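Chemist: In the working numbering, the protein residues as written are 1 to 396.
For the record, the hints were derived by calculation from the structure and aren't laboratory data. You may find that some hints are simply not true.
As the list claims (entries may be wrong) - Below, in silico cross-link-like pairs of lysine-lysine (DSSO-like), each with a Cα-Cα straight-line distance of 27 Å or less:
{"id": "1", "residue 1": "Lys-14", "residue 2": "Lys-309"}
{"id": "2", "residue 1": "Lys-293", "residue 2": "Lys-309"}
{"id": "3", "residue 1": "Lys-308", "residue 2": "Lys-221"}
{"id": "4", "residue 1": "Lys-14", "residue 2": "Lys-308"}
{"id": "5", "residue 1": "Lys-221", "residue 2": "Lys-183"}
Source: prediction; values computed, not measured.
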Amino acid sequence: MNQGPETTAVVKLKPGQEKRVLGGHLWVFSNEIAQAPKAEPGDLVSVVASNGRPIGTALYHPHSLIACRMLAFEGVEADAAFFHKRLSAAIAYRDKVRPGETAYRLCFGESDGLPGLVIDRYGGVLVLQVLSAGMERRLALIEAALEELLKPQGIYLKNDHRARALEGLPAECRVLCGSVPEKLQITEGGLRFWTPLTEGQKTGFYFDQGENRAFLRPYFKDRVVVDLYCYTGAFGINAAKFGAKAVLGLDSSGPAIALSRENAALNGVEASFEEDDAEGALQSFAQGKQPFKPDMILLDPPSLVPAKKHLPKALRQYGKLNSAALRALPRGGLLATSTCSQHVTREIFVQMLRFAQAAAQRPARLIALRGQAADHPVLLAMPETEYLHFALLEVL
Numbered sequence: 001m002n003q004g005p006e007t008t009a010v011v012k013l014k015p016g017q018e019k020r021v022l023g024g025h026l027w028v029f030s031n032e033i034a035q036a037p038k039a040e041p042g043d044l045v046s047v048v049a050s051n052g053r054p055i056g057t058a059l060y061h062p063h064s065l066i067a068c069r070m071l072a073f074e075g076v077e078a079d080a081a082f083f084h085k086r087l088s089a090a091i092a093y094r095d096k097v098r099p100g101e102t103a104y105r106l107c108f109g110e111s112d113g114l115p116g117l118v119i120d121r122y123g124g125v126l127v128l129q130v131l132s133a134g135m136e137r138r139l140a141l142i143e144a145a146l147e148e149l150l151k152p153q154g155i156y157l158k159n160d161h162r163a164r165a166l167e168g169l170p171a172e173c174r175v176l177c178g179s180v181p182e183k184l185q186i187t188e189g190g191l192r193f194w195t196p197l198t199e200g201q202k203t204g205f206y207f208d209q210g211e212n213r214a215f216l217r218p219y220f221k222d223r224v225v226v227d228l229y230c231y232t233g234a235f236g237i238n239a240a241k242f243g244a245k246a247v248l249g250l251d252s253s254g255p256a257i258a259l260s261r262e263n264a265a266l267n268g269v270e271a272s273f274e275e276d277d278a279e280g281a282l283q284s285f286a287q288g289k290q291p292f293k294p295d296m297i298l299l300d301p302p303s304l305v306p307a308k309k310h311l312p313k314a315l316r317q318y319g320k321l322n323s324a325a326l327r328a329l330p331r332g333g334l335l336a337t338s339t340c341s342q343h344v345t346r347e348i349f350v351q352m353l354r355f356a357q358a359a360a361q362r363p364a365r366l367i368a369l370r371g372q373a374a375d376h377p378v379l380l381a382m383p384e385t386e387y388l389h390f391a392l393l394e395v396l
């Protein structure tokens, strides 16, 4: 392995711990290390097996559970050329899976060989989330590569994710360069959406559900649709545009509801959006207490699993929501439901739906089981990169 000049420290693994990493997984955990260097958070290191065999180059953090984030299975330098090459490859991939589009997830961390870096593109504006100390230290190189490749109007740092605290990084949201509006318009699947950049959830728009929204379009025709946790109304507006008889979107966020109404008007569709607690409203639907009688429910709750230890409680909550949704639907009704946590695997998701169906005592069949959009690619060796699960169920 050719060792780059910045790579000075060596991380030596315990016997037998190299197998998962050599199989393509990009994380080395602190308890897998036999010999740790004296290094600062974000330093570049060489990772070697217990017998001294070179494995690759990583970004190191001495105080994090994820001690090493692999950059390459060879010697590399995390320099300007490295970031230009990796970001250029990320853009080329989106040109293939999102041809002609300018709004999408441009970089999905480990899946694009840039662990701890998330970039969403909104036309001429880029929104970054930096989740690792290694990427934080090289932010100037990342900015320079993006400037050269895309010449953006502005770059915004949305660094308020809780994962930053695990790397000892502060929460901050600020303009990195150029000019960034509070919101701007994007197009997805022929529909237009105002998207909040500085005050929105996550990085502004849920691109990961884009292909699932398109998939549902034939199923909306002549349906009475409830869109729960509707955020900016993207699912509900798709429903209204593609033949739903009536659409009601609910969200507990007043600004989200205001934006949903604005987006409905922007697309010339009739849909009602109301500020309400989605969970409470769903129980009310299940008990038949609502005048609005849906025969299709869109259920896309936020992640309820901030850490693996919360998984059992979260599954009970997910099960309760899905059970109520199934009870609220008539025979022939459709439930489009999702989870968005890396701790909920596809198998766990399907098992939760089985329990929810049993609790509701409403037989259902699985029409489709899907995942995140192609601009959020799944790294085969890293189950952690497959976080979104989506199912369409029909009540029998």
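Chemist: Now look at each hint and say whether the structure bears it out.
Modeler: Hints, verified against the model:
A threshold of 27 Å between alpha carbons decides the hint, and for Lys-14 with Lys-309 the separation of about 26 Å falls inside it, so the pair holds. For a cut-off of 27 Å, the pair hint linking Lys-293 to Lys-309 is broken: about 37 Å separates their Cα positions. Under the criterion of a C-alpha separation no larger than 27 Å, the hint pairing Lys-308 with Lys-221 is inconsistent with the structure, at around 39 Å. With a C-alpha separation of about 25 Å, the suggested pairing of Lys-14 with Lys-308 holds against the 27 Å cut-off.
The hinted pair formed by Lys-221 and Lys-183 fails the criterion: a straight-line CA distance of about 31 Å is larger than 27 Å.
Checked against the numbered hints given earlier, the structure breaks hints 2, 3 and 5 and satisfies all the rest.
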